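Engineer: Listed below, chain by chain, are the residues.
2 protein chains.
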Amino acid sequence: MNVAILGYGVVGSGVETIISEQLGDKEPIKVVKIWNRPNKTKQIPYFVSDIEEIINDPSIECVVEALNGIHPAYEHIMACLKKGKHVVSANKAVVAAFFEEFQQVAHDNQVYFKYEASVGGGIPWIKELKRAKRTDAISSISGILNGTSNYILSTMAKAHLSFSDVLLDAQELGYAEADPSADIDGFDILNKLIISSYVAFEARVKPDDFLRLSMRGVTLEDSQYFHNLGYELKYLGTANVENESLEGDVMLTACSKQSLEANTSLNYNCVSLVGETIGTLSFYGQGAGQLPTAHSMVQDLLDITNESHQIKLNSVKDISNKGLKTYQFVVRSQQSIPESFVKREDQGYCYLLPMSQLRFKEVVMPLLEETDLVVKMEELRGECGD
Amino acid sequence: MNVAILGYGVVGSGVETIISEQLGDKEPIKVVKIWNRPNKTKQIPYFVSDIEEIINDPSIECVVEALNGIHPAYEHIMACLKKGKHVVSANKAVVAAFFEEFQQVAHDNQVYFKYEASVGGGIPWIKELKRAKRTDAISSISGILNGTSNYILSTMAKAHLSFSDVLLDAQELGYAEADPSADIDGFDILNKLIISSYVAFEARVKPDDFLRLSMRGVTLEDSQYFHNLGYELKYLGTANVENESLEGDVMLTACSKQSLEANTSLNYNCVSLVGETIGTLSFYGQGAGQLPTAHSMVQDLLDITNESHQIKLNSVKDISNKGLKTYQFVVRSQQSIPESFVKREDQGYCYLLPMSQLRFKEVVMPLLEETDLVVKMEELRGECGD
Numbered sequence: 001m002n003v004a005i006l007g008y009g010v011v012g013s014g015v016e017t018i019i020s021e022q023l024g025d026k027e028p029i030k031v032v033k034i035w036n037r038p039n040k041t042k043q044i045p046y047f048v049s050d051i052e053e054i055i056n057d058p059s060i061e062c063v064v065e066a067l068n069g070i071h072p073a074y075e076h077i078m079a080c081l082k083k084g085k086h087v088v089s090a091n092k093a094v095v096a097a098f099f100e101e102f103q104q105v106a107h108d109n110q111v112y113f114k115y116e117a118s119v120g121g122g123i124p125w126i127k128e129l130k131r132a133k134r135t136d137a138i139s140s141i142s143g144i145l146n147g148t149s150n151y152i153l154s155t156m157a158k159a160h161l162s163f164s165d166v167l168l169d170a171q172e173l174g175y176a177e178a179d180p181s182a183d184i185d186g187f188d189i190l191n192k193l194i195i196s197s198y199v200a201f202e203a204r205v206k207p208d209d210f211l212r213l214s215m216r217g218v219t220l221e222d223s224q225y226f227h228n229l230g231y232e233l234k235y236l237g238t239a240n241v242e243n244e245s246l247e248g249d250v251m252l253t254a255c256s257k258q259s260l261e262a263n264t265s266l267n268y269n270c271v272s273l274v275g276e277t278i279g280t281l282s283f284y285g286q287g288a289g290q291l292p293t294a295h296s297m298v299q300d301l302l303d304i305t306n307e308s309h310q311i312k313l314n315s316v317k318d319i320s321n322k323g324l325k326t327y328q329f330v331v332r333s334q335q336s337i338p339e340s341f342v343k344r345e346d347q348g349y350c351y352l353l354p355m356s357q358l359r360f361k362e363v364v365m366p367l368l369e370e371t372d373l374v375v376k377m378e379e380l381r382g383e384c385g386d
Numbered sequence: 001m002n003v004a005i006l007g008y009g010v011v012g013s014g015v016e017t018i019i020s021e022q023l024g025d026k027e028p029i030k031v032v033k034i035w036n037r038p039n040k041t042k043q044i045p046y047f048v049s050d051i052e053e054i055i056n057d058p059s060i061e062c063v064v065e066a067l068n069g070i071h072p073a074y075e076h077i078m079a080c081l082k083k084g085k086h087v088v089s090a091n092k093a094v095v096a097a098f099f100e101e102f103q104q105v106a107h108d109n110q111v112y113f114k115y116e117a118s119v120g121g122g123i124p125w126i127k128e129l130k131r132a133k134r135t136d137a138i139s140s141i142s143g144i145l146n147g148t149s150n151y152i153l154s155t156m157a158k159a160h161l162s163f164s165d166v167l168l169d170a171q172e173l174g175y176a177e178a179d180p181s182a183d184i185d186g187f188d189i190l191n192k193l194i195i196s197s198y199v200a201f202e203a204r205v206k207p208d209d210f211l212r213l214s215m216r217g218v219t220l221e222d223s224q225y226f227h228n229l230g231y232e233l234k235y236l237g238t239a240n241v242e243n244e245s246l247e248g249d250v251m252l253t254a255c256s257k258q259s260l261e262a263n264t265s266l267n268y269n270c271v272s273l274v275g276e277t278i279g280t281l282s283f284y285g286q287g288a289g290q291l292p293t294a295h296s297m298v299q300d301l302l303d304i305t306n307e308s309h310q311i312k313l314n315s316v317k318d319i320s321n322k323g324l325k326t327y328q329f330v331v332r333s334q335q336s337i338p339e340s341f342v343k344r345e346d347q348g349y350c351y352l353l354p355m356s357q358l359r360f361k362e363v364v365m366p367l368l369e370e371t372d373l374v375v376k377m378e379e380l381r382g383e384c385g386d
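The listed protein sequences correspond, in order, to chains A and B. Residue numbering for the first sequence follows full-length UniProt numbering, starting at 1 and increasing by one per position. Residue numbering for the second sequence follows full-length UniProt numbering, starting at 1 and increasing by one per position.
If we strip away everything but chain A, and leave its shape as in the complex, we get:
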């Protein structure tokens, strides 16, 4: 199978490396053209400057899309699918935004659109979610889905450094972008939850269905406070379906020290599904990085060369957040908080606010604006007598 790669950054070059060095002649996969954005063209093998040379080349059967962001990734993916080429993408932003359109056009042209690397890096998450779904209704997906934010939190906890110091380090080391918003405000995790929800629930979910709270406000003191209580702060994404309602959120969460999530460090991801007969199934591996991400893309390529059955189109239903989920939050405040809310005091510093009777669309959001830190407190609920 002749393959073209769009984008020769970290991931794109990793795909080329694995195909040439790991597969060798074992598999009939060959990179024949590589396109990159202008002025990033030096020392690229198989380089073509004009994307049309790929789109209009009938000998190219599959295109690996390793660009960032929506444009021009969207246009190139669509053009390739319409020309009857399989597409493998690692680009969560464009996959989350145009999931259904890509599936439809791929189906119309009887080609594969695959996106394993867009969620969980090297973890075979999408593959296993699809497999589990063959027998099980999936009720929940959740986990650590962003390596950068996890690197920041685990380094804060281990090295006793402030959020801003670790973020600066991470930016200097290239682990975090100059504009870190996608990673630390939860947009990246949100995209991964949207993609996973399409697969797990066959559901069309919108960003507004998720309660997304930034992790920018977290302090070293917060990290240490929860550590001393037996918890580690992690930036989790969750999507549950219950009674036809999708309850989803992205937020700092206090995870019991005995949980897999609390013990997932640095750029590792840990993501779990709950199925009817399988119960909880968790996957742990490198959620980012050149070779792990490229590995997932090459696995998609191998699946395309090995699978021979018809491309099916799953129906997708609308499912919205009916606001049925109740939350408990910890709010750090110097101000006084009504006594009925306070469950725990610690040298005038931390307050536990159980809001189990409040639904976030009605009441919680305004309250949150007064706070610096928000933590989902399901784990601590028992301890506080609720």
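Treat identical chains as interchangeable: a pair holds within one or across any two.
Below are the DSS-like pairs computed for lysine-lysine, each with C-alpha atoms no more than 30 Å apart in a straight line: (1) K133 / K33; (2) K130 / K322; (3) K206 / K82; (4) K130 / K30; (5) K33 / K83; (6) K30 / K312; (7) K30 / K317; (8) K312 / K206; (9) K317 / K82; (10) K206 / K322; (11) K158 / K257.
No wet-lab data here; the hints were simulated from the structure. All of these numbers come straight from a predicted model, not from anything done at the bench.
Starting from the structure of chain A, add chain B where the hints point.
Structural biologist: Same frame as chain A, now just chain B:
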């Protein structure tokens, strides 16, 4: 696809339940006959008393083998394969003992022989090991592969109970067999490592290539001693390939509290591979139990109905243990131990013996006979200044 089930115990009946209740008419899989050992035949649907009614029924395309032990499982599997029926097995003892023969006969008859449920229960371990191997050389497989021994160790640690008390409880609850040897002497883990080694390393390995040490000697004091040092005792299986030598072992291991293994409780399994480009990839889920194990068998059935390419036969090479691996052990002893071995004392109770210069086939085994507890101490090595 018409399916027959051999064995209507916990797992066999689970397979029937999932096919009838979860798949329904979605998938073309139908249970048509069930065979069970004599005098366990009441209230079995589709029951046939004569196995020949299955073997000689050309309308049955696939047989689910959910028996225990080598005989008559071996004979029935061989007969079905030779009649051109796919076979799905959950029986690690027979799969480990006759892996190559089953693969060969399946290949000769161009049918599938699948065995996902034989290792790791509901975890898609075999599937993902095969996938990772398409691009990566696998250097290591390891983890918690036996639910019963893990239930015993985690209950000892959590409830502060002795080994024998927990074992008795487990036997009463049906978690452990009347003769618990397979679980607590490591034979079950060994079978799973042998099967995994065939897949991961394409290697023919023999039980003698593994250092297998029973966990019978473990005491509550041992569990608490390591807990206080920041470790949890787990009964791990490991197989590594380095320089064409297989280094494998089954033994109690002190796992850092921050490891996934230390946080794997009760009947859960946690198993990891290390690949060239993917790095460490870990899988966590229920390693035993009716529905998780049956789930894996039904996933194998679905793969058979969906896969349509030729049955390939992988070559298997001989690979033996050259005894290159060195170990460190902790030996609990009331007797005096030469000073050069002792690295840590604790109220005259525990001694740490670094044996990093000793190779187990030469020196370690005789030494071990004097001891009650053996723990692999790689994790603690740094702490002891080695």
